[in-house]
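Asks: Use the sequences and the hints to build the structure in full.
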Amino acid sequence: MSSRILNWFKFSSPASFYPLAGTIGRVSTLIAVALLAVGLYMSFFVAPTDYKQGEGYRIIFIHVPAAWMSMFIYVVMAFWAAMGLVFRTRLSFMMARALAPTGALMTFIALWTGAFWGKPMWGTWWVWDARLTSELILFFLYVGYIALQGAIPDVRRGDRAGAILLLVGVVNIPIIYFSVKWWNTLHQGASVSIREGSSMSAIMLETMLIMTFAFWAYAIAVAMARVRLIILERERETRWVAELPEVKL
Amino acid sequence: MKARHKRFAFLLVGLSVLGVAAWLVFQALGNNLSYFFSPTEVVEGKAPEGHVFRLGGLVQPGSFRREDKGQAVVARFVVTDNHQSVEVRYSGILPDLFQEGQGVIAQGRMGPDGVFMADEVLAKHDENYMPPEVAAALEEGHRKGVANMATGGGQ
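Top line first, the protein sequences correspond to chains A and B.
Here the first sequence stands for residues 48 to 296, numbered as in the numbering used here.
Here the second sequence stands for residues 1145 to 1299, numbered as in the numbering used here.
Any given hint could be a false lead.
What the hints assert, rightly or not - Taking lysine-lysine pairs in the DSS-like style, the calculated list, with each CA pair at most 25 Å apart, reads:
hint, chain 1, residue 1, chain 2, residue 2
1, B, LYS1190, A, LYS228
2, A, LYS166, A, LYS228
3, B, LYS1150, A, LYS57
4, B, LYS1146, A, LYS57
5, A, LYS99, B, LYS1288
6, A, LYS99, A, LYS166
7, A, LYS99, A, LYS228
The hints are simulated quantities; they were obtained by calculation from the structure and are not laboratory data.
Bear in mind that the values here come from a model prediction, so they are computed numbers and not experimental data.
Replies: Spelled out as structure tokens, the structure:
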């Protein structure tokens, strides 16, 4: 039992995760660039015009992946927060911290592109319906987490406070996701769902999925780059950091 | 019980309590979080009387007309949920997606004559995305289906 746990936790040590993060980051960067190139080309030139919205609908190829990522990254951060609180692994908190700016960025992109789409299609930039409001709350959760964590000088206490905020905020995620089902909203229902399949034409759906994977790869790449910096910063007193070739110089 | 099991149990209990609290809050709020009322709810008197509220539904095909009243062009149409319907009067700019059969949300209040006086009309898009050819084919298929039912189905 104890040997299995030791194995499991091998990469929970910052020293052994640091080089792995570098490799994952490089691979993800390549995947992200390739998928973005393909995805953007398909978004603009391959995907057909929508029967009702014309060309304006193409913003969904950014909007929907960003909105999905905004929720998914939050869940991943909450997972790391729970791991950190239960197992007291330093790296878990670092992972949560490294993902936060990307999650906030994705939320912002989702809100911003949504407003651009809303003006011509709905006739308004913003309404306070359940979907839009809960997504805005998600943005505040990200920003609040970053601020709270940064405001506490003691790293351990900051991590723990941030983790609790993350876990409390998790209730917001199902609210965002199901808001269009539970209440009447101006925002339309889900076009793609696990249970009901998709109500988009196949080529549009494929384009959107490619963009989604591109966003995934991007998020992984920047999170890995960021977690490496956080590791260096927090472990700067240790010998293994002092002996790194890139630090020695 | 190891320390980390204890912490895990504590976390689980905390999250469950939070979940139950959130559920209770939403039970209490109920329909108040809805962005609009349907025509059925309005006809049943569930919408606030004498207050501003939002009415949502489909623009009934064939109901849209414009009245030229001096400077202002007044749009009149019927919003329906295929069960009940409410007549709407609105003077202002209609969004691009506004058309008959399309979802709309109108904000305003009920007039004394039972006509909903809107100050703002938004188009509500549905979750369907497809190229025009597919939409045309669907439309064609639907028409044929309806025709078959009309001719073949005697009962």
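Asks: All hints are to be evaluated individually against the structure, with a verdict given for each.
Replies: Quick rundown of the hints versus the structure:
| no. | hint | in the structure |
| --- | --- | --- |
| 1 | B:LYS1190 - A:LYS228 | holds, 20 Å |
| 2 | A:LYS166 - A:LYS228 | holds, 23 Å |
| 3 | B:LYS1150 - A:LYS57 | holds, 23 Å |
| 4 | B:LYS1146 - A:LYS57 | holds, 20 Å |
| 5 | A:LYS99 - B:LYS1288 | holds, 22 Å |
| 6 | A:LYS99 - A:LYS166 | holds, 15 Å |
| 7 | A:LYS99 - A:LYS228 | holds, 23 Å |
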